[in-house]
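Peer 1: So the protein sequences, as listed, match chains Z and Y.
Here the first sequence is numbered in the working numbering, starting from 1 and rising by one per residue.
Here the second sequence is numbered in the working numbering, starting from 1 and rising by one per residue.
Where hints are given, some of them may not hold.
SDA-like cross-link-like pairs, simulated, lysine to any residue; straight-line CA separation at most 20 Å [claimed, not checked]: (1) Y:K11 to Z:E41; (2) Z:K81 to Z:H38; (3) Z:K57 to Y:T106; (4) Z:K108 to Z:A39; (5) Y:K11 to Y:R114; (6) Y:K57 to Z:G95; (7) Z:K57 to Y:S103; (8) Y:K57 to Z:N93; (9) Y:K57 to Z:T98; (10) Z:K57 to Y:A102; (11) Y:K11 to Z:A16; (12) Y:K57 to Y:S103; (13) Y:K15 to Y:Q37; (14) Z:K57 to Y:G101; (15) Y:K17 to Y:L60; (16) Y:K57 to Z:K81; (17) Y:K57 to Z:T92; (18) Z:K81 to Z:A16.
Going by beta-carbon spacing under 10 Å, a handful of chain Y positions derived as facing chain Z [what the hints assert, rightly or not]: (19) L43; (20) V89; (21) G100; (22) S103; (23) G110.
Just so you know, the hints here were simulated from the structure itself, not pulled from any lab data.
Positions of the beta carbon are idealized from the N, C-alpha and C atoms, including for glycine.
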Amino acid sequence: GQNIDQPTEMTATEGAIVQINCTYQTSGFNGLFWYQQHAGEAPTFLSYNVLDGLEEKGRFSSFLSRSKGYSYLLLKELQMKDSASYLCAVCTNAGKSTFGDGTTLTVKP
Amino acid sequence: GAGVSQSPSNKVTEKGKDVELRCDPISGHTALYWYRQRLGQGLEFLIYFQGNSAPDKSGLPSDRFSAERTGESVSTLTIQRTQQEDSAVYLCASSLGIGGGASTDTQYFGPGTRLTVL
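Chain Y with its partners taken away, still in its complex shape (with noise of 0.2 Å):
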């Protein structure tokens, strides 16, 4: 089946301008993390999304960072007025997320989408 798919996978813009990144988890997966990784670095966590409850936030490094989620599908995060240090590969996850084990909070990732902001 299909896995978590990432677009655009490669951005690149200019200080100070908006981007979007899109995010489709696998069908039925409730659970969507969103991550951000520079170079050379671990993943530092942005945002979770399980089902209906309330977005866990607590990732977002500022205020220019917002994401959204359609219900159990696709998700967009937001960076407004991008600054050189947004640079970075951005990663999306998905998972059954139900606390069951294994078999439903496997991550499973998408390729990333990698942000050069000149």
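The shape of chain Z in the complex, shown without the other chains (with noise of 0.2 Å):
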């Protein structure tokens, strides 16, 4: 099976910076996805990462490490928008994905 853990909750300042991280244990990694739901809506593609290191795209940037079981979303510049939950997943060589829970980010004027 997979474990893909996150911290619940999150506060941080507009204009700042904010790392959410994310670990997991699984079988046949195929790659790791960050999406982004905003309340009352549904999940939106943000990232993606099969290879170690970090993708950068405009103010967020996504880093992984597969021998640690490892990665983390940043988000820089932060906005009132950007309020939202952000959600790991995992997929595998089979095609699945597999959810962690989601970190709730509020961002604070």
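From these two lone chains plus the hints, build me the complex, please.
Peer 2: The following block contains the structure:
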């Protein structure tokens, strides 16, 4: 089976940087996704990592270390609209993804 | 192109009644997932369909829950003898689902069905 851990809640200030961590244990690893879910809406794709290292996409970056079973999502220049839940999901080589419970980020002025 | 659609968007039912929820995935997506999300909580995996393989039913919480999928198209999730604890948003997602990376395994979610059991 798979075990995915994320912090339940985080709070940060507008304009700051926040790092959301995700640790996982799985077999047949074939990539790690981050999704964003605003309250009352469906999750949407943010990023994907399959190789070790940092993937940067505008204000958002995602990092992966396969040997450590660890990823983080880095959000820079936080905006109020970034208040949402951030979901880590691990995909196996069979094509199935499993989600963590998500981290609720609150951005304060 | 069209995304994932779900119907109904809202369903209010009485305890003990059966309900059927529908999901129309993106055309050509072989993988389809059902999730349950209670208010303020994470996604709870229910069932996974992948092509013609036997579905992964490991997340279904009880035998009152069942799901079917016709080929690689529409899926229905049926909840029999609904209980108040079944009240939640039921989300459907689809992907190309062949283990080929972001382009094939990114899940696209429908808007969900909000189920309220009185």
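Peer 1: Hint by hint, note whether the structure agrees.
Peer 2: The hints, checked one at a time:
no. : hint            : in the structure
1   : Y:K11 to Z:E41  : 17 Å, holds
2   : Z:K81 to Z:H38  : 9 Å, holds
3   : Z:K57 to Y:T106 : 16 Å, holds
4   : Z:K108 to Z:A39 : 16 Å, holds
5   : Y:K11 to Y:R114 : 6 Å, holds
6   : Y:K57 to Z:G95  : 16 Å, holds
7   : Z:K57 to Y:S103 : 16 Å, holds
8   : Y:K57 to Z:N93  : 19 Å, holds
9   : Y:K57 to Z:T98  : 13 Å, holds
10  : Z:K57 to Y:A102 : 14 Å, holds
11  : Y:K11 to Z:A16  : 41 Å, violated
12  : Y:K57 to Y:S103 : 25 Å, violated
13  : Y:K15 to Y:Q37  : 19 Å, holds
14  : Z:K57 to Y:G101 : 17 Å, holds
15  : Y:K17 to Y:L60  : 18 Å, holds
16  : Y:K57 to Z:K81  : 36 Å, violated
17  : Y:K57 to Z:T92  : 17 Å, holds
18  : Z:K81 to Z:A16  : 13 Å, holds
19  : L43             : 5 Å, holds
20  : V89             : 9 Å, holds
21  : G100            : 8 Å, holds
22  : S103            : 9 Å, holds
23  : G110            : 7 Å, holds
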